[in-house]
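Here are the chains, one letter per residue:
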Amino acid sequence: MEYRELFLEAIQSLRKNVLRTGLTMLGIVIGISAVILIVSIGQGAVQFITNELTTFGTNFFQINPGTSAVAQFAAGPKNLTLDDAEAIEADSSLTNVETVIPFAAANVGVTANGIDKNLLIYGMNHKAVEMLNPTILSGEFLAEEHILTSARVAVMGKDAASDFFGQDSDPVGEIIRVDNKPFRVIGVIESSSGFFGGFFNNTIYIPIEVALNQIIGPDEGIQEIDVGVYDTDLIDQTMEDVRILLRDRHNLDIEDEDDFIMQSFQDALSTVQTITGLLTLVVAAISGISLVVGGVGVMNIMLVTVTERTKEIGLLKAIGAKQKDILSQFLMEAVVITLIGGIVGIAIGISGAFLITLFVPIPFVVNIPSVIVAVGVAILVGVVFGLYPARRAAKLSPIDALRYE
Amino acid sequence: MPKNGQPLIHLQDIKKYYLLGDGSHYKALNGITLKIEKGEFIAIMGPSGSGKSTLMHILGALDVPTGGKYFFNGKDIGSFSDDELAEIRNREIGFVFQAFNLLARTTVFKNVERPMMYSNIPRKEREERVMEALRLVDLSDKAHSLSNRISGGQIQRVAIARALIMDPSVILADEPTGNLDTKTSVGIMNFLKELNRKGRTIIVITHEEDIARFARRRIRLVDGKILSDKRN
Ligand SMILES: Nc1ncnc2c1ncn2[C@@H]1O[C@H](COP(=O)(O)OP(=O)(O)OP(=O)(O)O)[C@@H](O)[C@H]1O
Ligand SMILES: [Mg+2]
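The listed protein sequences correspond, in order, to chains S and B. With the numbering used here as the guide, the letters of the first sequence map in order to residues 197 to 601. With the numbering used here as the guide, the letters of the second sequence map in order to residues 380 to 611.
Do not rely on the hints blindly, as some may be mistaken.
[Stated by the list, open to error] Computed cross-link-like contacts, DSS-like style, restricted to lysine-lysine with a CA-CA straight-line distance of at most 30 Å:
hint: 1; chain 1: B; residue 1: K406; chain 2: S; residue 2: K591
hint: 2; chain 1: B; residue 1: K562; chain 2: B; residue 2: K406
hint: 3; chain 1: S; residue 1: K212; chain 2: B; residue 2: K577
hint: 4; chain 1: B; residue 1: K394; chain 2: S; residue 2: K591
hint: 5; chain 1: S; residue 1: K591; chain 2: B; residue 2: K521
hint: 6; chain 1: B; residue 1: K489; chain 2: S; residue 2: K507
hint: 7; chain 1: S; residue 1: K507; chain 2: B; residue 2: K521
hint: 8; chain 1: B; residue 1: K609; chain 2: B; residue 2: K489
hint: 9; chain 1: B; residue 1: K406; chain 2: S; residue 2: K507
hint: 10; chain 1: S; residue 1: K354; chain 2: S; residue 2: K313
hint: 11; chain 1: S; residue 1: K507; chain 2: B; residue 2: K562
hint: 12; chain 1: B; residue 1: K489; chain 2: S; residue 2: K212
hint: 13; chain 1: B; residue 1: K448; chain 2: S; residue 2: K520
hint: 14; chain 1: S; residue 1: K507; chain 2: B; residue 2: K448
[As the list claims (entries may be wrong)] Reference excerpt, derived from the structure (chain B facing chain S, CB under 7 Å, subset only):
hint: 15; residue: H436
hint: 16; residue: L441
hint: 17; residue: D442
hint: 18; residue: T445
hint: 19; residue: A465
hint: 20; residue: R468
hint: 21; residue: F474
hint: 22; residue: P494
hint: 23; residue: F570
[As the list claims (entries may be wrong)] Derived DEER-like restraints, expressed as beta-carbon distance ranges:
hint: 24; chain 1: S; residue 1: F560; chain 2: B; residue 2: S519; range: 22 to 30 Å
hint: 25; chain 1: S; residue 1: V580; chain 2: B; residue 2: D392; range: 54 to 62 Å
hint: 26; chain 1: B; residue 1: E573; chain 2: S; residue 2: V580; range: 49 to 57 Å
hint: 27; chain 1: B; residue 1: Y396; chain 2: S; residue 2: R200; range: 52 to 60 Å
hint: 28; chain 1: B; residue 1: G400; chain 2: S; residue 2: V214; range: 37 to 45 Å
hint: 29; chain 1: S; residue 1: V569; chain 2: B; residue 2: S403; range: 57 to 65 Å
hint: 30; chain 1: B; residue 1: E573; chain 2: S; residue 2: Q208; range: 47 to 55 Å
Everything labelled a hint here was simulated from the structure, so no lab data went into it. Virtual Cβ for every residue (Gly too), placed ideally from N, Cα, C.
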């Protein structure tokens, strides 16, 4: 029989038992939708990080205090200092180093326009603009003279500005009090970073020396040093050179671990890729199980169907159906179940991914190859698990089938 | 077409034994020898359990005998594979059963069309032939009715239309009027008689004398053996 006829007939026969068909599809739907969802989200995450990189530039690496990402937050270490940043900048052998941007952060009380709030403020230098790449909404960013003169000036993130001064206000020229000390607002900026934008727009930037000497305390450590290089191809070598310099400055012995962590922005992307890849693998394994369970369900239902329709099979054989005719008829039914299950799963997976992107700042991505693979897998599950019942139907002797009660 | 001098059907000492639960054999057919020529109209009669249906299943290549030889159109089909037998059933034999003749919840049209699908006949030709067959059994207007929405007599006529659709050498009908009232039964038998008059070979199984009277040759079975074989 022609495929078209087989397909239409399969649809027709499945429609006689909509509920049963629907329940049988469930395992396939779950398996396929999970994979489609996670692949879509994973791709979105990678694309998101790639976007971040184009915002901040791939020619940076960051240095944080601590021996692991966890320790960094747990122990508020003081072993990365502004002097470290200055030493990196001053070292003439580090020819590939273009910019050095130290970050100090502190949670302090801010009073402005009659409003008191606690805010995470950043101490930075004028070069931070090269990495943050902000949009200057008003005024200017920290300039070299502000850094050199330790001026009490502040640049407000867009959200912080509107929190204190109201939507679309221009606080440039206003005096605000940071940790009870007066600062003159010189600019308002907006970061386009999807991920860090939340932080960078809701903070206040002041010269780092002012932050350390007048607010945080001169002996406190700093949270981060971002180093920009001229030649990104040589970034690994530069990182190694900086590592040796810092180890020397921190008086670490050969057997001591680094008391700082270095990571290039490119590495951060690789990390995200590794994590999403791993996650995809785990989800693929779980949905593989779901697909097998779903497939066994399809097999079970097809065996029931074959038994229920034994007499029909006998009749079809009586009027000339060959084994392959019966085989393809029942195989087609199994494949139609899993194929529809697969398509529903794809639809659910894509919709789910779309819903998630409404709440998480990652782009909505539909991965076409994964959709194609999903369709192929759905068909394959139908064929594999439909084969045994279909063969059983095909092998029925016409007379046993006709006499079946 | 039978070869020169060959009967359409030739059974030689056909036996059909069923293995019973206790290991013994039940002899449903116990040595049937029979020749059927093209154009005959035969009634196979006998009491319940005498082996009528068993014989028809063997005649219709639905079942294989335990012993004996079966020549169809001169060919010994004893050695045929499942698929070769399916092809014989598809092209050479038209079946009409007592019940469960049609695919449920499928249209009359599709039921009659079905045998042609197994022979890969093009759609256009299938459509023409179905409509012609339905005209013949006077059911053109029911073509697109569902098979479970028509009467018992109409079902049997649809079954006959389907049996004819591949232009087979022989029509085998097992109690085709078993579920019908007398008037409808007579209608069906008259129709089969008309087909036979036009040259179609027809074998009807029945235990009703009134039905058997339509045939020109009557074979009586008892205990899996031919008791009598009469022509009029
Ligand atoms: N698969 C089987 N296993 C065992 N015995 C069987 C089997 N099929 C048929 N028989 C027996 O063979 C005998 C002949 O059966 P058959 O169906 O041919 O009778 P029949 O003449 O058609 O009867 P009826 O008029 O009731 O239809 C019966 O006694 C039946 O019980
Ligand atoms: Mg019978």
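Taking the hints in turn, this is what the structure says about them:
1. B:K406 with S:K591: holds, 25 Å
2. B:K562 with B:K406: Violated: K562 (chain B) and K406 (chain B) sit about 36 Å apart, past 30 Å.
3. S:K212 with B:K577: Not OK: K212 (chain S) and K577 (chain B) at ~41 Å, beyond 30 Å, violated.
4. B:K394 with S:K591: The hint holds at about 24 Å.
5. S:K591 with B:K521: Roughly 34 Å between the alpha carbons, so the hint for K591 (chain S) and K521 (chain B) is violated.
6. B:K489 with S:K507: With Cα atoms ~18 Å apart, K489 (chain B) and K507 (chain S) stay inside 30 Å; holds.
7. S:K507 with B:K521: holds, 24 Å
8. B:K609 with B:K489: The given pair, whose Cα atoms are some 39 Å apart, is violated under the 30 Å limit.
9. B:K406 with S:K507: holds, 25 Å
10. S:K354 with S:K313: Cα-Cα ~16 Å, so holds.
11. S:K507 with B:K562: holds, 29 Å
12. B:K489 with S:K212: holds, 17 Å
13. B:K448 with S:K520: holds, 28 Å
14. S:K507 with B:K448: Answer holds: K507 (chain S) to K448 (chain B) is near 28 Å, not above 30 Å.
15. H436: holds, 5 Å
16. L441: Hint holds; L441 (chain B) Cβ to chain S Cβ min 5 Å, cut 7 Å.
17. D442: holds, 4 Å
18. T445: Violated, because the Cβ-Cβ distance from T445 (chain B) to chain S comes to roughly 13 Å (cut-off 7 Å).
19. A465: Holds, because the Cβ-Cβ distance from A465 (chain B) to chain S comes to roughly 5 Å (cut-off 7 Å).
20. R468: At 5 Å from the nearest chain S Cβ, R468 (chain B) passes the 7 Å test, so the hint holds.
21. F474: holds, 5 Å
22. P494: Holds - the Cβ of P494 (chain B) comes within 7 Å of chain S, reaching about 5 Å at its closest.
23. F570: Result: violated, 19 Å to nearest chain S Cβ.
24. S:F560 with B:S519: 22 to 30 Å: violated, 56 Å
25. S:V580 with B:D392: 54 to 62 Å: violated, 47 Å
26. B:E573 with S:V580: 49 to 57 Å: holds, 52 Å
27. B:Y396 with S:R200: 52 to 60 Å: violated, 45 Å
28. B:G400 with S:V214: 37 to 45 Å: Cβ of G400 (chain B) to Cβ of V214 (chain S): about 41 Å, so the range 37 to 45 Å holds.
29. S:V569 with B:S403: 57 to 65 Å: holds, 59 Å
30. B:E573 with S:Q208: 47 to 55 Å: Violated, at about 35 Å.
Taken one by one, the earlier hints fail for this structure at numbers 2, 3, 5, 8, 18, 23, 24, 25, 27 and 30, listed in ascending order.
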